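Participant: What follows is each chain in one-letter form.
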Amino acid sequence: MVTEMTPEEIKIKKPYLNWGLSEKEYNYICQKLLKRLPNYTETGLFAVMWSEHCSYKMSKALLRKFPSQGVRVLQGPGEGAGILDIGDNQAVVFKAESHNHPSAVEPYQGAATGVGGIIRDIFSMGARPIALLDSLHFGEINRPRIKYLINEVVAGIGDYGNCMGIPTVGGEITFDSCYAGNPLVNAMCVGLMDQNDMQKGRAQGIGNAVIYVGAKTGRDGIHGATFASADFADERETQRSAVQVGDPFMEKLLMEACLELTHQHQDWLVGIQDMGAAGLVSSSCEMASKAQSGMELQLDLVPQREPNMSAYEIMLSESQERMLLCVKTGFEEEVKQLFKDYGLEAVVIGRVTSGHQYILWQHGQKVTDIPVSSLTEDVLEEQVPEKQPQRIQTAQEPITWLAQFDVEHVFYQMLQQPTIASKKMFTQTYDSQVRTNTVVGPGSDAAVLRIRRTKKGLAMTTDGNGRLVYLDPEVGGKLAVLEAAANLVASGAEPLGITDCLNYGDPHDPEIYWELHHSIKGMAAACRALKIPVISGNVSLYNENNHQAIYPTPMVGMVGLIQNLQPRATIALKNAGDQVYLIGTTKDDYAGSELQKLLTGSISGKLQDFDLASVTALLKKMLTAVQRGLTNSVHDLSEGGLAVAAAESAFATQFGLRLEVDLSDQQLFSETPGRFLVTVPAEKTAGFTDLLGSNAQLVGQVTAQKTLELKTLTGCYQLDLLQAEKLWEEAIPCLMKSKD
Amino acid sequence: MKVAVVVFPGSNCDIDLYEALTSVCQAQAEYVSYQQDNLSGFDAVMLPGGFSYGDYLRCGAIACFSKIMPAIKAFAEAGKPVFGTCNGFQILTEAGLLPGALKRNDSLKFVCKTVGLKVENNQTIFTQLYQQAEQIKLPIAHADGSYYADQATLAELEANHQVVFRYVGENPNGSLHEIAGITNRRGNVLGMMPHPERAVEALLGNTDGLRLFKSLLTGNLKEAIN
Numbered sequence: 001m002v003t004e005m006t007p008e009e010i011k012i013k014k015p016y017l018n019w020g021l022s023e024k025e026y027n028y029i030c031q032k033l034l035k036r037l038p039n040y041t042e043t044g045l046f047a048v049m050w051s052e053h054c055s056y057k058m059s060k061a062l063l064r065k066f067p068s069q070g071v072r073v074l075q076g077p078g079e080g081a082g083i084l085d086i087g088d089n090q091a092v093v094f095k096a097e098s099h100n101h102p103s104a105v106e107p108y109q110g111a112a113t114g115v116g117g118i119i120r121d122i123f124s125m126g127a128r129p130i131a132l133l134d135s136l137h138f139g140e141i142n143r144p145r146i147k148y149l150i151n152e153v154v155a156g157i158g159d160y161g162n163c164m165g166i167p168t169v170g171g172e173i174t175f176d177s178c179y180a181g182n183p184l185v186n187a188m189c190v191g192l193m194d195q196n197d198m199q200k201g202r203a204q205g206i207g208n209a210v211i212y213v214g215a216k217t218g219r220d221g222i223h224g225a226t227f228a229s230a231d232f233a234d235e236r237e238t239q240r241s242a243v244q245v246g247d248p249f250m251e252k253l254l255m256e257a258c259l260e261l262t263h264q265h266q267d268w269l270v271g272i273q274d275m276g277a278a279g280l281v282s283s284s285c286e287m288a289s290k291a292q293s294g295m296e297l298q299l300d301l302v303p304q305r306e307p308n309m310s311a312y313e314i315m316l317s318e319s320q321e322r323m324l325l326c327v328k329t330g331f332e333e334e335v336k337q338l339f340k341d342y343g344l345e346a347v348v349i350g351r352v353t354s355g356h357q358y359i360l361w362q363h364g365q366k367v368t369d370i371p372v373s374s375l376t377e378d379v380l381e382e383q384v385p386e387k388q389p390q391r392i393q394t395a396q397e398p399i400t401w402l403a404q405f406d407v408e409h410v411f412y413q414m415l416q417q418p419t420i421a422s423k424k425m426f427t428q429t430y431d432s433q434v435r436t437n438t439v440v441g442p443g444s445d446a447a448v449l450r451i452r453r454t455k456k457g458l459a460m461t462t463d464g465n466g467r468l469v470y471l472d473p474e475v476g477g478k479l480a481v482l483e484a485a486a487n488l489v490a491s492g493a494e495p496l497g498i499t500d501c502l503n504y505g506d507p508h509d510p511e512i513y514w515e516l517h518h519s520i521k522g523m524a525a526a527c528r529a530l531k532i533p534v535i536s537g538n539v540s541l542y543n544e545n546n547h548q549a550i551y552p553t554p555m556v557g558m559v560g561l562i563q564n565l566q567p568r569a570t571i572a573l574k575n576a577g578d579q580v581y582l583i584g585t586t587k588d589d590y591a592g593s594e595l596q597k598l599l600t601g602s603i604s605g606k607l608q609d610f611d612l613a614s615v616t617a618l619l620k621k622m623l624t625a626v627q628r629g630l631t632n633s634v635h636d637l638s639e640g641g642l643a644v645a646a647a648e649s650a651f652a653t654q655f656g657l658r659l660e661v662d663l664s665d666q667q668l669f670s671e672t673p674g675r676f677l678v679t680v681p682a683e684k685t686a687g688f689t690d691l692l693g694s695n696a697q698l699v700g701q702v703t704a705q706k707t708l709e710l711k712t713l714t715g716c717y718q719l720d721l722l723q724a725e726k727l728w729e730e731a732i733p734c735l736m737k738s739k740d
Numbered sequence: 001m002k003v004a005v006v007v008f009p010g011s012n013c014d015i016d017l018y019e020a021l022t023s024v025c026q027a028q029a030e031y032v033s034y035q036q037d038n039l040s041g042f043d044a045v046m047l048p049g050g051f052s053y054g055d056y057l058r059c060g061a062i063a064c065f066s067k068i069m070p071a072i073k074a075f076a077e078a079g080k081p082v083f084g085t086c087n088g089f090q091i092l093t094e095a096g097l098l099p100g101a102l103k104r105n106d107s108l109k110f111v112c113k114t115v116g117l118k119v120e121n122n123q124t125i126f127t128q129l130y131q132q133a134e135q136i137k138l139p140i141a142h143a144d145g146s147y148y149a150d151q152a153t154l155a156e157l158e159a160n161h162q163v164v165f166r167y168v169g170e171n172p173n174g175s176l177h178e179i180a181g182i183t184n185r186r187g188n189v190l191g192m193m194p195h196p197e198r199a200v201e202a203l204l205g206n207t208d209g210l211r212l213f214k215s216l217l218t219g220n221l222k223e224a225i226n
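Chains as they are written, first to last, in full-length UniProt numbering: chain A, 1 to 740; chain B, 1 to 226.
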C-alpha cells in the first residue's frame, strides 16, 4: 500500500491542486469548516464533492434562473430525477446526463456507463425505465479517429440499452468539427411509475442501516467527477483509468431487485440512491445531507474487488452498478434475502447517526470525521467574470444571398449533409421496440410510447443546436427549447417538462461563462413563455480539446403527454390528394443554417430574434389541430428548411408533393423557427383553416408520384424523390466506409 | 389453455410475450421463474427474448443449464408445445431441443428492423392460421441470429418440412438457407429469431404475428402434427 501524505505534507505539497481543488478552497476548508488540516482521505472527499460536476459551484447561480415549478411537478431538481404528474395516479420521471469526457477517452465504456448511470437515476426514484434517448455530437466524418469514436459510442449505447431491455427510441446525431476532440454523449432516460411508489435519496432515523448493493468496488473510475471538471489535453490517454467499465447484465438484475424492493416493500425502505459520480462518498453524504442526519460507515465492510484499497480509493471509486439504501432497523435480513434471490450482494456498511458528522472507519482507525454539510452545503460558490465574445459584438447583419444557385444541386447535396442524412445505420443497432410500447420510434420529430391500459401516450425528444447558440447564445437558447416543444406538438403532445445537459467549454474563460449565462437566459425565457418547467439536468463544463472549446451546446430533453393517442400524428404523408399547408412565416434565416454550412463551409452572422408570445400561441393552435385529428401528417421545419422537411415527409411512403410557394429559391432552405409542414385530408380543411387562420398557407397537394414538384417565385423544379431518398440513406454509410 | 412464460435472469421480452397472450389474446399466462422445476398445469411453454445471463459465454449457453430446463425437456418430449423467440430460440438450440446453432450476424452488429418472411409450413400448431407460402413481415432484434447447421442437418430439416419461416427479400443475418424459424422433427417445438409478440397490435403498426399465438391457442392441432 502506498503511504499517504500526512496533513502537513498535503498543506505543503498541495496535491489537491491536481484533484481540482483550489488553494482558496483548501484554505477555506482548513480555516472555516474544519479548523484543522484535513487528512489525505478527507482532502480527496472535498476535492471530488467540491468539483463542479458534484457541486455546481459555478453554474448554480445561473441554474436558478430556470423555472422549476408547475402544477404537475411532483419532484423538481435535486433528486436522482425529476417527476411529473400525468394523471390517473401515474407519473413520468426523467433525466439526462452527459458522459462526454469518458467517451472521448474510452468511447465504448464511456457511452455504455453513461446509459447505465442514467438508468439507475430513474429506477432509484421507484420508476420503471421505459425509454432511452441519446443526443450525440461528433466531429465531421473525415478521419479514422472520428469514425472509431462514432462506432464505439453507438455500440456502447446499443449494447447497454439492448441488454437491459429498455428501448432506445430517439435522440439526435449531429456532426461539426468543433466536437472532433471532445464528442458530446448525452443520455436521457424516461421512466413511468405509480405515484405511491415515489422514493427519495434520504438517510434518516438514528440507527437505521446503510446498505450497499450491487457490484463490488474496484479501482475504476477514481476521480471521474474531477476528471469531468478539467480541461482535456493530449495526455488524456493517461486518464483512461478514470473511465468506468459497465456490466448491463448486473444492472438488469439490480434494477429488477430495486424495483421489487421499492414497489413491494416500502415499509422496509427509508431511502435509495444511485452511486454515480463520486461513488460512495457522494451517494452517502448526499443521503445524509438531505435528511440533516449524521452517518458512520465501516469501509472494511464495503465489498471490494481488489486487495489493499485505501479509504480514498474506496470512497472515490466510480465502479458501476451499485446502489446505496437506507433501511429501517430490523429489516436488514429481509433486504439481504431479496437481493440474494437475484444473485446480488447486499451488505450493511454503516448506520445513520445522531448529530451531523460524517465518520468513516477503516482498519480500526477513524479516517474521516467531518460535518456532512461541509461536503454538500458549504461549497464556495464561485463568482466568475464574464465578457461578451468578440464575434458576437461584431456579428454582421442577417445573412442574405442574392447570388443565384442551383436549387436542384443544393437539394440533393443538402440531403447528404451528415447532420440531415438518415441515421438508420446507427439507430437500427438499437432495440427500439422491446417492451412493445413504441408507437413511433427513431426518425420522426419525436418518439411516442403508449401507456398500457390507458389511452395516453408519452412523446419525447432531445434537441440541441450548438451552431445557433454559438452565434447568439440567448436566441440560440430560446431556439433549443422551442425546437423541442415544436417536435412534441407535431406528435400531438402537450409539452410537460424539460431535462437538460448544458455542454460548454472552460467556464474560467470569461467569454465561455458569458455564453453559459446568456444561453440559460434565453432557455429560461422560452421555458417561461411556454410554461414548461426544468425538472432535472446536468452541467458539463470543460468540453475542450487542446484549449479549443466546443460550440456552447445546451441539450434540451423534453417529454410531453398525449391524452388520446393519434397513430396518424407522424411526419409521413398518408394519402394522395391531401392538402398541404405551410404553417408560420418564412424569412431569410441563414446564419448557422445547413445552407450556409454547405455553401461556405463555415457559419457566421447574426441570428434574428423572434417573438416568443406569438410562437407560443401558434404551437397551442397546432397542438389543438393535431389533437382534434385534423391532420394526416405534421413535420416541424428545422435543419434544411422547407425543402428538406418536404422530402423527409415523403421518404418511406409511396407519395410525393406538388408545392407552389411565394418564396425565393433560397428561402426553400431558410431555417426560420416556428414553422410546420402539415397535410390535411380534404374534408377537414375547413376546420383546420378556421383554427389556424392566417398562420396556415395552402401550398399544394400530396401526389401519388415519387416526385417533389416545387414552384417558387423564380423557378420551377422537379425533384426525384427516389433518388433523393437513396442519397439520403446512403450518405452516412458511405462516409463511414470511405478509406480516409 | 394456460401458457408458461419462462423468465431467466436477463430475459427482457418476457413482458412482451405475456402481454401478447393476456391483454391481446385474452389467454391465460403466468411467469415461471428459471428456479422452478415443474410445469404441471401448463399447456404450452414460451421462452422469451432478451439477454439471459447477459449473453455471456455464448447466447443461451448458461440458461440451458437452469433448474427449469429438465422440466422444459420433459414437456417437449411429452409432445406439448414449446416456443422460443430470439434468445428463447438460442436457448432451445443450446439445450438440444432444436438442431443447429445461432451465430453472430454477418454484419457483426445488432440489428433491429422489420423483415420479410415466408411461411414455409402452415401444417404446425404454431402456423395453422397462416396460408402456405404466405409472405408476412415481422420485427427482428438480435446480434446473434445467423442460423447454422451442417449439410446433413439442413437436408433433413428441408426434407421434413421443419423450416417454418424463411427470410425473403433480404437475409438480415447470414442464416443458411435463409432460415428464420424451425421446428423439431415432431413439430411441437418452434424456435425463431423474429419477434411475433412485437407484431400483435395495430397501434404499434403490425399485426402479422398475431396468428401465431391464435394458431396455438385455438388448439385442434392433432392432424397438423406428423
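Since the hints were made in silico from the structure, they are not lab data.
Quantities reported herein were computed from a predicted structural model and do not represent experimental measurements.
Here a beta-carbon is modelled for each residue, glycine too, at the ideal position from N, C-alpha and C.
Please note that a few of the clues may not be correct.
Partial list, derived from the structure: chain A residues whose beta carbon lies under 8 Å from chain B [said to hold, decoys possible]: (1) Val245; (2) Pro248; (3) Phe249; (4) Lys252; (5) Thr429; (6) Ser432; (7) Arg435; (8) Thr454; (9) Leu565; (10) Pro567; (11) Phe651; (12) Gln654; (13) Ala704; (14) Lys706; (15) Tyr717.
Restraint ranges, calculated between C-beta atoms of paired labels, are given here [what the hints assert, rightly or not]: (16) B:Lys214 to A:Pro733: 54 to 62 Å; (17) A:Glu683 to B:Ser40: 53 to 61 Å; (18) A:Asp194 to B:Asn38: 47 to 55 Å; (19) A:Pro733 to B:Lys137: 18 to 26 Å; (20) A:Gly207 to B:Lys67: 20 to 28 Å; (21) B:Glu158 to A:Ser177: 48 to 56 Å.
Participant: Which of the stated hints cannot be reconciled with the structure, identified by number in ascending sequence?
Facilitator: 1, 8, 11, 12, 13, 14, 15, 16, 18, 20
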